[in-house]
Structures are given as C-alpha cells and as structure tokens.
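Asks: Residues per chain, in single letters:
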Amino acid sequence: MSKLKLRIINLRRKRGSSETQKTSPRVESLKRAWYNFRKSPLSLIGLGISLFCIIVAVFAPHIAPYPEHAGFYINFDEAYQPPSWKHPFGTDAYGRDVLSRVFFGFRFSLMMAAVVLSLVVPPGVVLGLIAGYYRGTWVDMLIMRIADIFIAVPPLVLALAICSVLEPNVFNAMMAVSLMWWPWYTRLVYNTVSSIRNEYYVIAAELLGVSKAHIMFKEILPNCLGPILTKLTLDIGYVILIGASLSFVGLGAQPPTPDLGTMVSEGAKYLPNYWWVAIFPALAIAFIILGFNLLGDGIRDIFVSER
Amino acid sequence: MTPKSENIIEVINLKKYFKVSLGVVRAVDDITFNIKYGETFGLVGESGSGKSTTGHVIVGMYAPTSGKILFKGQDISVPAAKRPKSIKKDIQIVFQDPASSLNPSKTVRDIIALPLKMYSNLKDEREIDERVARLLEAVELPPEDYMYRYPRELGGGEKQAVAIARALATNPSFIVLDEPTSALDVSIQAKIIRTLMRLQKEYSLSYLFITHDLSLMRNVANRVAIMYLGKICEIATADEFFKNPLHPYTKMLLSSIPVLTEEEERLKPKGIESRGEIPSPMNPPSGCRFRTRCPFVMDICSKKEPPLVEVEPGHYVACHLLTMKAIKA
Amino acid sequence: MPPLLEVRDLYVSYKTYKGILKVLNGVNLYVNEGEKVGLIGESGCGKTTTMKAILRILPPNAVNVRGQIIYKGSKDIMKMSKRELMKIRRNSISMIFQDPTAALNPVFKVGEQMMDIIKFSYGRRMTKKELKEEALRLLREVKLPDPERVFDSYPFQLSGGMRQRVVIAMALASAHELLIADEPTTNLDVTIQDQILKLINEVVVKRKLSVILISHALGAVRSMTDRTYVMYAGDIVEMADSRNLFENPLHPYTQGLLSSVPKLTGEGIGAGIKGRVPDYLNPPPGCRFAPRCDFARSECRKSKPPWIEVSKNHYVSCWLYARK
Numbered sequence: 000m001s002k003l004k005l006r007i008i009n010l011r012r013k014r015g016s017s018e019t020q021k022t023s024p025r026v027e028s029l030k031r032a033w034y035n036f037r038k039s040p041l042s043l044i045g046l047g048i049s050l051f052c053i054i055v056a057v058f059a060p061h062i063a064p065y066p067e068h069a070g071f072y073i074n075f076d077e078a079y080q081p082p083s084w085k086h087p088f089g090t091d092a093y094g095r096d097v098l099s100r101v102f103f104g105f106r107f108s109l110m111m112a113a114v115v116l117s118l119v120v121p122p123g124v125v126l127g128l129i130a131g132y133y134r135g136t137w138v139d140m141l142i143m144r145i146a147d148i149f150i151a152v153p154p155l156v157l158a159l160a161i162c163s164v165l166e167p168n169v170f171n172a173m174m175a176v177s178l179m180w181w182p183w184y185t186r187l188v189y190n191t192v193s194s195i196r197n198e199y200y201v202i203a204a205e206l207l208g209v210s211k212a213h214i215m216f217k218e219i220l221p222n223c224l225g226p227i228l229t230k231l232t233l234d235i236g237y238v239i240l241i242g243a244s245l246s247f248v249g250l251g252a253q254p255p256t257p258d259l260g261t262m263v264s265e266g267a268k269y270l271p272n273y274w275w276v277a278i279f280p281a282l283a284i285a286f287i288i289l290g291f292n293l294l295g296d297g298i299r300d301i302f303v304s305e306r
Numbered sequence: 000m001t002p003k004s005e006n007i008i009e010v011i012n013l014k015k016y017f018k019v020s021l022g023v024v025r026a027v028d029d030i031t032f033n034i035k036y037g038e039t040f041g042l043v044g045e046s047g048s049g050k051s052t053t054g055h056v057i058v059g060m061y062a063p064t065s066g067k068i069l070f071k072g073q074d075i076s077v078p079a080a081k082r083p084k085s086i087k088k089d090i091q092i093v094f095q096d097p098a099s100s101l102n103p104s105k106t107v108r109d110i111i112a113l114p115l116k117m118y119s120n121l122k123d124e125r126e127i128d129e130r131v132a133r134l135l136e137a138v139e140l141p142p143e144d145y146m147y148r149y150p151r152e153l154g155g156g157e158k159q160a161v162a163i164a165r166a167l168a169t170n171p172s173f174i175v176l177d178e179p180t181s182a183l184d185v186s187i188q189a190k191i192i193r194t195l196m197r198l199q200k201e202y203s204l205s206y207l208f209i210t211h212d213l214s215l216m217r218n219v220a221n222r223v224a225i226m227y228l229g230k231i232c233e234i235a236t237a238d239e240f241f242k243n244p245l246h247p248y249t250k251m252l253l254s255s256i257p258v259l260t261e262e263e264e265r266l267k268p269k270g271i272e273s274r275g276e277i278p279s280p281m282n283p284p285s286g287c288r289f290r291t292r293c294p295f296v297m298d299i300c301s302k303k304e305p306p307l308v309e310v311e312p313g314h315y316v317a318c319h320l321l322t323m324k325a326i327k328a
Numbered sequence: 000m001p002p003l004l005e006v007r008d009l010y011v012s013y014k015t016y017k018g019i020l021k022v023l024n025g026v027n028l029y030v031n032e033g034e035k036v037g038l039i040g041e042s043g044c045g046k047t048t049t050m051k052a053i054l055r056i057l058p059p060n061a062v063n064v065r066g067q068i069i070y071k072g073s074k075d076i077m078k079m080s081k082r083e084l085m086k087i088r089r090n091s092i093s094m095i096f097q098d099p100t101a102a103l104n105p106v107f108k109v110g111e112q113m114m115d116i117i118k119f120s121y122g123r124r125m126t127k128k129e130l131k132e133e134a135l136r137l138l139r140e141v142k143l144p145d146p147e148r149v150f151d152s153y154p155f156q157l158s159g160g161m162r163q164r165v166v167i168a169m170a171l172a173s174a175h176e177l178l179i180a181d182e183p184t185t186n187l188d189v190t191i192q193d194q195i196l197k198l199i200n201e202v203v204v205k206r207k208l209s210v211i212l213i214s215h216a217l218g219a220v221r222s223m224t225d226r227t228y229v230m231y232a233g234d235i236v237e238m239a240d241s242r243n244l245f246e247n248p249l250h251p252y253t254q255g256l257l258s259s260v261p262k263l264t265g266e267g268i269g270a271g272i273k274g275r276v277p278d279y280l281n282p283p284p285g286c287r288f289a290p291r292c293d294f295a296r297s298e299c300r301k302s303k304p305p306w307i308e309v310s311k312n313h314y315v316s317c318w319l320y321a322r323k
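Residue numbers (numbering that gives the first Met the number 0), protein chains in the order written: chain F, 0 to 306; chain W, 0 to 328; chain R, 0 to 323.
No lab work stands behind these hints: they were computed from the structure.
Each hint should be verified, as a subset may be incorrect.
[Claimed, not checked] Here are some of the chain W residues that sit facing chain R, going by a computed Cβ distance under 8 Å:
hint : residue
1    : Ser-119
2    : Asn-120
3    : Glu-124
4    : Ile-187
5    : Asn-221
6    : Lys-250
7    : Ile-256
8    : Leu-259
9    : Lys-269
10   : Glu-276
11   : Val-296
Built from N, CA and C at the ideal position, the CB exists for glycine as well.
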C-alpha cells in the first residue's frame with residue numbers, strides 16, 4: 000500500500016469518498032436529515048419555537064427585564080398592573096413582572112425536563128436493549144413484565160400519590176415523574192431492537208464472537224436512535240406538562256419559585272379581573288409544549304425517510 | 000500439516016428442526032454429504048428445501064438437532080459461540096440479502112475492521128486501515144472511493160463485495176455463500192461471481208455455494224446436491240447433474256428454468272412439467288416427500304423413504320424407481 | 000391501425016435531497032393490439048417509472064414530467080381528466096406488481112378484496128351474489144385449485160404462488176385491453192415461476208389482451224413476448240422481435256447484458272459490464288452508456304444517438320450503426 004494511497008484514504012475520512020461528494024459522510028448524513036426535516040413547514044415552526052424557548056431559558060437572567068422579580072420580591076404599589084409597555088405581561092399580586100417570571104418559568108421547566116429525561120432515558124434504553132436482545136428468554140419476561148406494571152399506573156396519579164406522601168417539593172416531583180417514565184423507553188427500544196436483532200449484520204457480529212455488550216451498544220443501539228430521539232423530543236413537552244400540573248395542584252415547585260404551573264395556580268384565583276396573571280403563564284405552557292411537539296414530528300420525519 | 004482426509008467438511012445425518020407455535024418445522028431432515036478441499040460444492044433447491052438452513056447450521060448459527068458436522072476432521076456440531084476461536088475464524092458466511100448484511104450506521108471501513116480487531120494482531124488504527132484497504136482492493140472496490148461510505152450509498156453489488164471482503168478478513172479456508180447474488184442484477188452478478196472464483200484460487204478457498212439458480216450453478220459448482228423439503232434428492236458432479244439428471248425433481252426443476260438460447264433449450268429435460276405446489280415443511284408427505292408432485296409415483300413411495308443410493312460412480316439418488324432400475328441393471 | 004398505446008418522448012425526473020434525478024430521458028415505445036411486448040433492463044433503469052407514468056401513479060416527488068402517452072391513437076393519457084383516467088384504470092389498463100404480498104391488503108379476506116375490485120371496475124350495480132360469482136369465476140380462470148377456500152382466506156394463509164394468482168385474477172377484473180406485468184415472478188420459486196408465466200400466457204391469449212412484460216427472467220421474456228425493448232439508464236437502447244433480440248443483440252449494452260447471463264451449457268460466466276450505472280444527478284451528455292462502452296467514440300459522448308433501423312424491425316440507439 001503506497002504512502003500516497005494511504006494519504007488519500009485519510010483525506011477521504013474527513014472530506015468524503017469521491018469526486019462527487021465533497022464533504023465527509025457524517026456531514027452528508029446531516030444534510031440529508033435537514034432536507035427531510037424541512038419538508039414540513041410545521042417542523043420548522045416547531046424548531047423555531049423550541050430554539051426560542053431554549054434561548055430564553057438559557058439567557059433568562061440577562062434578557063428578563065426584571066430578573067429580581069423571579070424570586071422573592073414584594074412591591075404592592077406595582078401589584079395588579081395590567082399589561083403595559085413597562086410590563087408587557089402585567090404584574091401579579093406581589094408586583095412582580097409576569098414577563099420576567101415567564102422567562103424564568105421556561106428556564107425552570109426546561110431544567111426539570113432535562114433532569115427527568117437524563118434520569119429516565121439511559122436506564123430505560125439499556126433495559127429495552129437487553130430485553131430485546133434476549134427476546135424470548137426469562138430476561139425478556141422479567142424486564143418487560145416489570146415495565147408493564149409501571150406502565151399500568153397513570154403517571155400523574157402515581158406522581159400525585161408519591162408527592163402527597165412525601166414532602167411536596169420539586170425534587171420529589173421529579174423523582175415521582177422519573178419513576179413512571181422509564182418503561183416507555185424500554186418498550187420503545189424493545190420493539191425496535193426486536194426487529195433489528197435478526198438482521199444479518201447482527202448475526203455476522205455474533206458469529207465472530209463479539210461480546211454481547213458490544214453487539215447491543217455498538218451494533219444495535221445506533222440503529223435505534225430514530226425512535227428514541229423522536230420520543231425524547233415529544234417527551235420534553237409532556238414532562239413540562241406533568242410538572243406544571245403537579246405544581247398547579249401544589250405538589251411541585253413551591254412559591255416563590257417561578258414555575259409556570261405555580262403561576263397559573265396562583266393567578267387562577269384572580270380570574271377574570273386580573274386575567275393576565277394566569278393567562279400568560281398558561282399560554283407559555285401551551286407555547287413551549289407546542290414547539291417541542293412540532294419539533295418531535297419533524298425529527299420523526301427525518302428517520303421515517305431513511306427507509 | 001497434511002490433511003487427514005480429502006474432505007474439509009463432512010456432514011453426517013444432519014437434522015435441524017425448529018419449534019414454532021403451530022408445530023415443528025423439519026427444515027433439514029437427515030442429510031449426509033462431503034465437501035472436498037478447494038472445491039465449490041453447490042446446494043440447490045427451492046424455498047422450504049432447507050438449503051439455507053444447512054449453510055446456517057454449518058456456520059454455527061444454530062446447533063444441529065442431531066447429527067454431526069466435521070471440519071478438517073474436527074467435530075464442530077455446536078453453535079459458533081461454543082467453537083474455539085481458531086475454528087470460528089476459519090469458517091465464514093456471505094449472506095443472501097446485501098441490504099441486511101451491513102450495519103447501516105457504520106462506514107465500510109468500520110464494518111470490515113470489526114473482524115480484523117477480533118482476530119488479527121493488528122492494534123494500530125493505521126495498520127487496520129491498510130488491511131481494510133487491501134481487502135477492498137481484493138474485491139475490486141477502490142479503497143479511496145469506498146472506505147468511508149455508508150452502506151446506503153452503495154449499490155447491491157457493492158454491498159455484497161463489502162460482505163465478501165468482511166468474510167475474507169479473518170483468512171478463512173471455507174466460506175458458505177448463501178444465495179450471494181440472488182438479489183443482484185445479472186451483469187453485477189457476473190462480476191461478483193468472477194471475483195469469488197478468483198479469490199478461491201488466490202486464497203485456496205472451499206465454498207458451499209447455495210442458490211436456486213440452476214444456470215448459475217452449472218457454471219460455478221464442481222459438484223451439486225439438490226434438496227427438497229429437508230432431504231437430499233440427488234448428488235453428482237456438475238457435468239453429470241446437468242447432462243444426466245436422474246431424480247424426477249431434478250428433471251422438473253431443470254425443465255422449468257427460463258433460458259435464452261435454442262441451444263440451452265435443447266439441453267433441458269423433456270416430458271416432465273412443473274405441477275403442484277410445494278408442501279409445507281411442517282407437514283411433509285410421508286415416505287418420499289416429492290411423491291405428491293412426481294409423475295412416476297408408485298405405491299412404495301408413500302410408505303418408505305427412499306435412501307440415498309450410489310447408482311453410478313459418484314452419482315447418488317434418493318428415489319425408489321431409480322434404485323430399482325439400478326438393481327436390475 | 001394505430002398502436003393501442005404509444006409513449007412519445009417521455010421525460011420524468013425525481014426530486015431528492017441531493018437534487019433532481021433526471022431519470023427518463025425521452026422514452027419512446029408502443030404496444031399494438033394483441034401484442035406481447037417485453038421490457039428488459041437492470042434495476043434503476045426506469046422501467047417501473049415508465050409504467051407508473053402510463054397509469055399516472057408516479058410518486059409525489061416526480062417532477063418535470065413531459066411527453067405524450069397516446070391511447071388508441073387519439074387520447075393523451077397525460078392530459079386526461081381524473082374521470083377519463085379512472086375509466087382507463089377501470090376498464091382498460093391494469094398492472095401487476097412484483098410483490099404479491101404487498102399488493103394484497105393483509106386485513107381483508109381475498110374474496111372481499113376481489114369483490115371490491117369487481118364492483119369498482121365493472122361499473123354496473125351488482126348484487127353480492129353476482130359479485131361473489133364473478134370473483135369465483137376469475138379465481139377459477141387463474142387455475143386456483145380450490146377457489147371457494149381461497150375466496151374465504153386471508154392473504155397470509157396462501158403461498159406466494161397462490162397470492163400471485165390472486166393478484167392476476169384481480170388484474171383481469173379491470174384489464175380488458177392492456178396488462179402491465181412488472182416483475183410478476185421475481186419473488187417466486189423457480190417451478191412456480193414457470194407455472195405463473197404459463198398462466199399469464201394462457202390468460203392473455205384467451206382474452207386477447209396486450210401485455211407489457213417487465214422481467215429479470217430474460218428467458219421468460221424471450222419465450223413469452225413478440226417484441227422486446229431494452230432499457231438503460233432512462234433510455235430505450237434497442238428493440239427487436241424477441242427471438243431476434245436474444246440471438247442477435249446489437250447494442251453493446253444488450254450484448255454485455257446477455258453475455259453476463261450464465262448459460263446452461265456451462266460455458267462459464269461472462270465478464271459483466273465494467274463501470275457503474277450513471278448518476279442521474281449529472282447523467283452523461285450524449286449516450287448514457289458511453290462511459291462503460293468499449294466501443295465509445297467522441298460523438299457518443301457529445302450527443303444522444305439516433306434511433307436507427309438496422310434490419311427488419313430491429314432498431315438500435317447507437318452511433319456505431321449510424322454510418323451504415
């Protein structure tokens with residue numbers, strides 16, 4: 000193998016494999032994904048909304064007009080102001096700027112979603128991989144029946160139950176939600192793996208004597224990403240909703256935390272006179288969930304077109 | 000080391016049954032044959048014949064239900080996981096469906112590197128790159144163009160070439176080729192077959208070539224066995240098999256194949272037409288399995304299974320009619 | 000008498016993430032009444048696209064579709080209204096696809112699906128009894144051994160060969176003039192393939208149908224068709240009476256293709272054809288086969304070769320035959 004040839008091969012690793020392909024294969028994959036994604040205008044809207052919410056969440060302390068209103072703040076002179084140039088979303092019972100609190104609400108909600116999903120996805124996926132790989136054996140039975148038990152209980156109900164027994168705070172709420180969530184990923188991955196597990200490339204790896212762990216994580220898992228990513232994105236919205244619901248009934252974040260659900264709960268007392276205190280946080284919840292749902296649809300489109 | 004016998008593979012009374020919800024599928028039901036060093040042994044049959052299952056059991060995808068498989072004299076009648084590493088690397092398989100043979104999320108380089116990492120002593124990534132490149136050259140895929148492609152960017156023939164390169168990576172002496180070109184266009188099939196023939200000479204390989212395409216078999220195999228519903232009906236050299244087919248099923252199959260020229264038309268057996276459907280392997284006919292479609296069926300055919308008998312030197316047939324003819328002669 | 004179907008200068012492209020794939024490059028073909036025409040060529044050359052264009056069932060990402068598809072010498076299918084198109088699909092042209100399992104709805108019994116099609120195609124009001132009788136009649140016509148049982152079965156309960164017979168029966172319900180068979184036997188066993196092809200032949204002769212047969216089984220095309228077209232990368236490159244084409248191929252691609260087919264005589268395998276199929280994104284200007292052709296000359300790379308009659312009813316699109 001001449002040195003020159005080896006150099007060319009190395010070049011292709013980054014630059015792509017032929018004259019017609021100027022970019023590396025990974026970049027080509029991304030280009031193709033983007034093309035399939037942007038076919039639907041709704042997905043683009045979803046992407047826009049999601050990005051907006053994320054940016055707001057990340058930069059909330061810097062872009063909120065009154066960042067100090069996010070926490071403990073009282074100024075009864077300014078209370079119950081209707082929407083104005085100074086306070087585009089009005090102020091609440093304590094004189095806090097609703098707009099700023101909504102921005103921090105995004106921050107809080109997305110943080111909660113991130114924590115819950117990072118607790119839920121890895122174990123859920125791993126269990127699904129194992130159960131799917133060992134499909135038909137006792138391992139499969141054990142894992143999937145346990146998953147079935149958890150799935151049978153409605154998430155909100157169990158979360159309510161756990162939170163009412165333990166101290167009502169954010170941490171417990173997140174734990175409760177996480178406990179309910181993992182089996183959905185197990186089931187999802189289980190189904191995907193079941194169809195992949197008997198493909199010839201997996202069998203070829205098994206015949207080589209490659210370790211089971213390698214087969215599950217390096218051969219099978221990369222081909223399951225589609226459904227996992229789609230569900231993950233859609234779940235962001237769902238977790239936020241559940242979190243907000245818990246807070247709404249007082250079992251999640253406690254005041255003065257700027258949680259969207261708590262805000263709606265507090266503001267509900269003042270409907271319909273001081274409508275802005277409850278309506279804007281409620282709209283914010285709807286907005287962020289809509290964004291991630293549309294984004295999730297778009298991500299699903301990417302992987303559906305792979306076939 | 001001189002081989003003890005001239006056979007690299009010996010299959011003795013092999014059976015493979017599968018339990019399914021509706022019953023038992025007797026995919027392979029007591030077959031016996033040998034493959035010599037350096038030969039291409041053809042296994043031909045239609046769906047349900049058990050030809051693919053035979054290949055899969057030999058390569059270690061399943062344990063046999065009963066019977067033995069000997070490789071270079073050693074008993075390997077266990078699944079691949081239980082075989083020693085030296086055996087595992089020595090037997091390889093190229094599968095039928097190129098689309099399913101390659102991991103869609105990996106590049107060609109990584110696909111071929113996997114067996115290298117398992118079985119060769121190469122540790123350095125650059126050394127592995129070099130070996131992968133040489134293997135790609137062996138199957139006529141220029142490495143500069145193909146190493147970093149994903150399977151979905153490749154055509155069927157190119158995918159199969161990668162599958163062959165992967166099989167060669169462990170330096171095997173025996174390769175099972177399970178319908179390697181069935182899914183390919185005819186001009187690409189020609190290229191792949193030529194590559195396989197060339198590699199056989201270069202690397203002293205023995206092949207078990209499984210296909211349903213008789214015209215293809217005619218041109219690649221040294222000896223041919225034909226299977227029907229889990230049983231072997233006939234074994235002969237390729238010449239004998241095609242010039243002097245004896246078993247009624249062989250004749251029926253040969254008369255059904257579409258050919259392109261008058262010359263070939265004349266070579267096909269006359270007077271025997273395809274009829275009937277292939278029975279289910281879960282419930283094969285008693286006695287001779289082919290009797291429900293055989294124009295020469297006799298009473299004994301439903302009662303007793305015909306044994307595989309050498310009616311002419313090197314030419315074996317499992318058919319009561321022909322056994323009787325041979326005895327008379 | 001004008002041909003039953005005539006495709007003139009058909010161009011079809013597909014839109015993908017990489018760009019526009021210019022697949023069909025000016026396809027011309029015709030089928031006379033009562034004639035059996037074969038269309039051979041390898042995967043991706045555009046045979047199925049052409050057939051889908053005829054029935055106007057191209058996928059949504061098909062763009063730049065132009066050309067004419069003249070039916071019975073007068074009407075252009077490309078310009079027909081929805082209503083007229085429905086009439087054609089209902090009464091005149093029908094298509095059999097490659098995978099019988101995909102053509103049948105797995106959750107309905109065969110009988111229900113057949114009655115559905117008959118109801119749609121026959122255009123007159125029929126009672127359930129009449130529909131069932133007609134369905135059974137068609138199932139008998141395709142030589143299914145137990146039509147009643149098949150009528151009452153779900154597709155998964157039937158073998159591949161039986162499913163394909165059902166599909167043919169369904170096609171016969173609405174094929175009263177032209178039957179397009181796109182790889183009708185590729186997924187079937189060899190002995191069953193033979194039976195199905197003979198069946199198609201019988202049915203076609205009995206009903207005096209015209210047929211377009213697309214198949215990889217070149218031998219089948221040879222024995223079953225009167226005339227055959229050869230297609231490569233969106234171009235028709237050769238056409239001749241079937242026996243003639245297979246004994247005496249003129250176009251370098253056809254020669255390469257036929258020499259690659261393994262022969263029962265045991266002469267060995269041909270060399271195949273060097274190179275790859277062209278990239279439809281940037282197809283070669285001129286003759287699309289030129290990059291792979293051993294006989295390519297400068298004009299081949301510059302302009303598309305003309306359609307030349309080399310001998311009686313034997314045409315080639317190749318510069319090699321232009322001078323003569």
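Asks: Against each hint, give a clear statement of whether it holds in the structure.
Replies: Going down the list of hints, with the structure as the test:
no.: 1; hint: Ser-119; result: 31 Å, violated
no.: 2; hint: Asn-120; result: 36 Å, violated
no.: 3; hint: Glu-124; result: 29 Å, violated
no.: 4; hint: Ile-187; result: 7 Å, holds
no.: 5; hint: Asn-221; result: 12 Å, violated
no.: 6; hint: Lys-250; result: 11 Å, violated
no.: 7; hint: Ile-256; result: 6 Å, holds
no.: 8; hint: Leu-259; result: 5 Å, holds
no.: 9; hint: Lys-269; result: 14 Å, violated
no.: 10; hint: Glu-276; result: 6 Å, holds
no.: 11; hint: Val-296; result: 17 Å, violated
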